[in-house]
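**Q** Take a look at the letters that make up each chain.
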Amino acid sequence: MDQFFQQLVNGLTLGSLYALIAVGYTVVYGIVQLINFAHGEVFMIGAFGALTTYLLFFDGQTGVWILPIMMVGAIIAAVGTAVLMERVAYRPLRSAPRLAPLITAIGISVFLQEFVRLFYQKIPDFPSAKQRIPFPQIDVVTGQALEVGGVTIQRSAVFTILALLACSGLLWYFINRTRMGRGMQAVSQDPDTARLMGINVDRIIVVAFALGAVLAAVAGVSQGLQNNNIDFRMGFLAGLKAFTAAVLGGIGNIQGAVVGGLVLGVVEAMATQYIPGQFGGSTWKDVWAFVILILVLVFRPQGLLGARVVDRA
Amino acid sequence: MMRIPNLPESFTSKHAAKGWPLGLAGVALLIIGSFLSWSYDSNILGDLSFILYPGGLQILAIIGAVIGLLLLLIVKGPLADRFGPWLDAALGIRALGVWMLAYMVLVLVAITTESTGLINVDPGGWVSFVGALLLFLAGRFIPLREHRDLSRAKVPGWAEVLAVAIVMAAVLFGAAFALGREDAWSFILFLVFAGGIAAMMIRSGLLTWFGHVSQRQKKVLTLSAFLVAFLFPFTQSGSDANMSIATQVLVFAATAMGLNIVVGLAGLLDLGYIAFLGSGAYVAATMSQSAFATIGWKPPFLVVVLVGACVAALLGLVIGSPTLRVSGDYLAIVTLGFGEIFRFAMFNLDGNNGPNLTNGPNGIPGIPDLQIGGFNFGDEHTVAGIDLGRFSNYYFLLLILIGGVILVFSRLNNSRIGRGWVAIREDEKAAEAMGVNVFGLKLLAFAVGAFLAGLAGTIKAHQDGAVSPDQYMFLESAFLLAAIVLGGMGTIAGVLLGATILKLLPEKLRFFSEYRLLLFGLLLVLMMRVRPEGLVASKRRQLEFHEDDEELAVAVESDLVGETK
Numbered sequence: 012m013d014q015f016f017q018q019l020v021n022g023l024t025l026g027s028l029y030a031l032i033a034v035g036y037t038v039v040y041g042i043v044q045l046i047n048f049a050h051g052e053v054f055m056i057g058a059f060g061a062l063t064t065y066l067l068f069f070d071g072q073t074g075v076w077i078l079p080i081m082m083v084g085a086i087i088a089a090v091g092t093a094v095l096m097e098r099v100a101y102r103p104l105r106s107a108p109r110l111a112p113l114i115t116a117i118g119i120s121v122f123l124q125e126f127v128r129l130f131y132q133k134i135p136d137f138p139s140a141k142q143r144i145p146f147p148q149i150d151v152v153t154g155q156a157l158e159v160g161g162v163t164i165q166r167s168a169v170f171t172i173l174a175l176l177a178c179s180g181l182l183w184y185f186i187n188r189t190r191m192g193r194g195m196q197a198v199s200q201d202p203d204t205a206r207l208m209g210i211n212v213d214r215i216i217v218v219a220f221a222l223g224a225v226l227a228a229v230a231g232v233s234q235g236l237q238n239n240n241i242d243f244r245m246g247f248l249a250g251l252k253a254f255t256a257a258v259l260g261g262i263g264n265i266q267g268a269v270v271g272g273l274v275l276g277v278v279e280a281m282a283t284q285y286i287p288g289q290f291g292g293s294t295w296k297d298v299w300a301f302v303i304l305i306l307v308l309v310f311r312p313q314g315l316l317g318a319r320v321v322d323r324a
Numbered sequence: 101m102m103r104i105p106n107l108p109e110s111f112t113s114k115h116a117a118k119g120w121p122l123g124l125a126g127v128a129l130l131i132i133g134s135f136l137s138w139s140y141d142s143n144i145l146g147d148l149s150f151i152l153y154p155g156g157l158q159i160l161a162i163i164g165a166v167i168g169l170l171l172l173l174i175v176k177g178p179l180a181d182r183f184g185p186w187l188d189a190a191l192g193i194r195a196l197g198v199w200m201l202a203y204m205v206l207v208l209v210a211i212t213t214e215s216t217g218l219i220n221v222d223p224g225g226w227v228s229f230v231g232a233l234l235l236f237l238a239g240r241f242i243p244l245r246e247h248r249d250l251s252r253a254k255v256p257g258w259a260e261v262l263a264v265a266i267v268m269a270a271v272l273f274g275a276a277f278a279l280g281r282e283d284a285w286s287f288i289l290f291l292v293f294a295g296g297i298a299a300m301m302i303r304s305g306l307l308t309w310f311g312h313v314s315q316r317q318k319k320v321l322t323l324s325a326f327l328v329a330f331l332f333p334f335t336q337s338g339s340d341a342n343m344s345i346a347t348q349v350l351v352f353a354a355t356a357m358g359l360n361i362v363v364g365l366a367g368l369l370d371l372g373y374i375a376f377l378g379s380g381a382y383v384a385a386t387m388s389q390s391a392f393a394t395i396g397w398k399p400p401f402l403v404v405v406l407v408g409a410c411v412a413a414l415l416g417l418v419i420g421s422p423t424l425r426v427s428g429d430y431l432a433i434v435t436l437g438f439g440e441i442f443r444f445a446m447f448n449l450d451g452n453n454g455p456n457l458t459n460g461p462n463g464i465p466g467i468p469d470l471q472i473g474g475f476n477f478g479d480e481h482t483v484a485g486i487d488l489g490r491f492s493n494y495y496f497l498l499l500i501l502i503g504g505v506i507l508v509f510s511r512l513n514n515s516r517i518g519r520g521w522v523a524i525r526e527d528e529k530a531a532e533a534m535g536v537n538v539f540g541l542k543l544l545a546f547a548v549g550a551f552l553a554g555l556a557g558t559i560k561a562h563q564d565g566a567v568s569p570d571q572y573m574f575l576e577s578a579f580l581l582a583a584i585v586l587g588g589m590g591t592i593a594g595v596l597l598g599a600t601i602l603k604l605l606p607e608k609l610r611f612f613s614e615y616r617l618l619l620f621g622l623l624l625v626l627m628m629r630v631r632p633e634g635l636v637a638s639k640r641r642q643l644e645f646h647e648d649d650e651e652l653a654v655a656v657e658s659d660l661v662g663e664t665k
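Sequences listed follow chains R and Y, in order. Take 12 as the starting number for the first sequence in this note's numbering and just add one per residue. Take 101 as the starting number for the second sequence in this note's numbering and just add one per residue.
None of these hints come from the bench; they were simulated from the model. Hints should not be assumed to be uniformly reliable.
Listed below are several chain R residues computed to face chain Y (Cβ distance under 10 Å; list not exhaustive) [to be verified]:
#, residue
1, LEU248
2, VAL274
3, ALA300
To list a few chain R residues with every Cβ distance to chain Y over 12 Å, as calculated [unchecked claim]:
#, residue
4, ASP13
5, GLN14
6, GLN17
7, PRO79
8, ILE114
9, LEU123
10, GLY160
11, ASP203
12, ALA205
13, VAL218
14, ASP297
Yeah, the Cβ is synthetic: ideal placement off N, Cα and C, and Gly gets one too.
If we strip away everything but chain R, and leave its shape as in the complex, we get:
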């Protein structure tokens, strides 16, 4: 039974990470019906933004008060990237056939990865991003793991889960209680009518990108704390998994993304533990995640909680 709870905790940690990223996919998709394939890279850039802030101002220190400032650095980097890519690459293609923005997204994704790989070390005294870079260890959120009745819980895992809780709360407040959030709901339901009602659709779209980027940045910092290192490739697989989570929960549905992320994380963790024989174990867990994606599309294409997308095809 201990093992079950251990895997549950592992799964929830992993799932929180997926959920944070998945919200970015789902918000953007709900509003512009675009899979922002480069969202995984926004997550990666968030992690690098946090690292950059640390290396520039606090190199060698470990105080927990650094964390919020790193977080701000991560958010600035991620939001900047996301807003820029919306403005430069996606906006001109808004009325183009759907293939065009998808291909653009692949281009952005490759470009951002290579940009970080090649140019991160050009900042004076910075490590080369061609290998994994150690992520700073911060007091309180990293270090000695907690033991709760036979279950080992990493401090960074607690941080990740708490971050998800806090972000979900704020997100709920933003979407349901602020003018901008209700504008977003309106645009996702019917952009033309929303525009007639005086909502600035362009601005709402930018806000959607920025919102996703904020959560991705938080996820980037969590990932860095959990793995102790980051690299330029980290966004690819994480992005893919997070998209799976978004589909699993029902694309366009924000609660769905959170639930989907958690479910995916738990399933992955349980698969490593309980699938017998050679196909169990951690080497196959990524495969199981994609198998789940395909199964969901076969049996419940609208996702667990139902998609919230107006079909405009």
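With chain R fixed as given, assemble chain Y onto it according to the hints.
**A** Just chain Y now, with coordinates in the frame of chain R:
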């Protein structure tokens, strides 16, 4: 496109008469300079230091000058009566002038940077440079004229065939010449020259005319294109390095053509296409005579080809049938996920984490050369005194493959199925309402594409001699997609061009290999913004990307009416 501002009208009209002699002088100087020495240093750019014995780059300059001369004679002179009313020679000279000037400037830059400074430029180089400058100025002065519709130009049939032959010969020599350049500068200069010729053809209307000709002489064009491709190994006199690049280009192009059916015709974005190539390759590897092959059954290659292609098609059906029912965006991601599953699976099936099928990360090395009947593909042959090595054998085999793929592509495109795909691409719901079997046709596209990729994969495994999971990364799928986007979705010539560019440039321009992927990503983004229909675009495709272009819509409609007549 870069635009150079025109001179003020009043100025050009006053000096219009001077344009022609100016151009003539430019042509003369360009040729004279090319027969002199360009560079004091004889070790750079393939030796341009002889007098009266022009080197490769100088011959290009002479060809450019001769074309300029022909255009000048069309403007005024013996050719004016025949061709003057049809071809826009003045615009052609403008384009040629700009590019030849750029060419000469780059030559001077190349000599300066490759050697020890501008001092190494010999008088010939300066003479040619001045010639190009004069040609450029002449293009600015010669007035433009109205021209007749080129589609009505009446040219005897033999002349059309001759035109096709000339273009094809130019392509063959261009390809051989480009591959023969060993330094990056020479290669870039050749590209500039080729760009100049292309720009001249576009601007003067020659390309439009050639388009009409190729419509009328389709068979001649196709046959001569294959003849040229067939003759290519004979121009390389057994150079393994170049033939290796050429075979890689062909495998890539064949796979891209297969993907073109899925993406270009049916409009389904498949981001895991490389996995189908990989499954074909792995089937061939596991059934080969390699000591590391894991399956005891070692049938003849023709059986392996069929098995490989069918396994790939089967995988295509398994992935396609659940995802093709939902929105197209899902398909992109699911296929991407499938590509990753494939790579993970090949990585894991090493005996520890699963049954031993693929040797895991080590892959299966030591795959012997193909043996079909009594013919071994590893043997060298000498035909007409020219050595044809191992790569040439594969080159010919791949040529047959790519011919087959193109045949499948064009037959499908011109059939009821192809029209169904067009309908699905443009409006899925309307197509369904009209009774098009949307799901069936999509699945067919997916399966055919996978089948062809599996076919190519079986050959690739033998040609490479080894398979490993890392050959089938997502990036490779992205490259295939980029070849299609760059060249022009749904076209044959475009995709062949795109595949060639994407494979050849990195091989020849090694100095930017570090920035290759960065530029690649940027290229995709820019392409989608500036010219989403690709370099060679079909009109209908162009219309899909530029819906509010009324003129184009009319043109497409009249074409369609013409087709049905």
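**Q** Please go over all the hints and tell whether each is borne out by the structure.
**A** Here is how each hint holds up against the structure:
The interface hint given for R:LEU248 is met, as the beta carbon of that residue sits about 8 Å from the closest beta carbon of chain Y, less than 10 Å. A cut of 10 Å between beta carbons decides the hint on R:VAL274: the least distance to chain Y is about 17 Å, and the hint is violated. Residue-level restraint check for R:ALA300 holds (minimum Cβ-Cβ distance to chain Y is 8 Å; threshold 10 Å). The Cβ of R:ASP13 lies farther than 12 Å from every Cβ of chain Y, with a closest approach of about 25 Å, so its non-interface assignment holds.
For R:GLN14, the shortest C-beta to C-beta distance to chain Y comes to about 20 Å, beyond the 12 Å cut-off, and the non-interface label holds. Every CB of chain Y is more than 12 Å from the CB of R:GLN17 (nearest about 22 Å), matching its label as outside the interface. The beta carbon of R:PRO79 sits about 33 Å from the closest Cβ of chain Y, which is more than 12 Å, so the claim that it is off the interface holds. Once the 12 Å rule is applied to beta carbons, R:ILE114 is inconsistent with being away from chain Y; the minimum gap is 6 Å.
A Cβ of chain Y approaches the Cβ of R:LEU123 within 12 Å, the least distance being about 8 Å, so the stated non-interface status is violated. Every beta carbon of chain Y lies more than 12 Å from that of R:GLY160, the smallest distance being close to 32 Å; the non-interface claim holds. Every C-beta of chain Y lies more than 12 Å from that of R:ASP203, the closest at about 17 Å, which supports listing it as non-interface. R:ALA205, annotated as away from the interface, keeps every beta carbon of chain Y farther than 12 Å; the closest lies near 22 Å.
The Cβ of R:VAL218 lies farther than 12 Å from every Cβ of chain Y, with a closest approach of about 22 Å, so its non-interface assignment holds. A Cβ of chain Y approaches the Cβ of R:ASP297 within 12 Å, the least distance being about 6 Å, so the stated non-interface status is violated.
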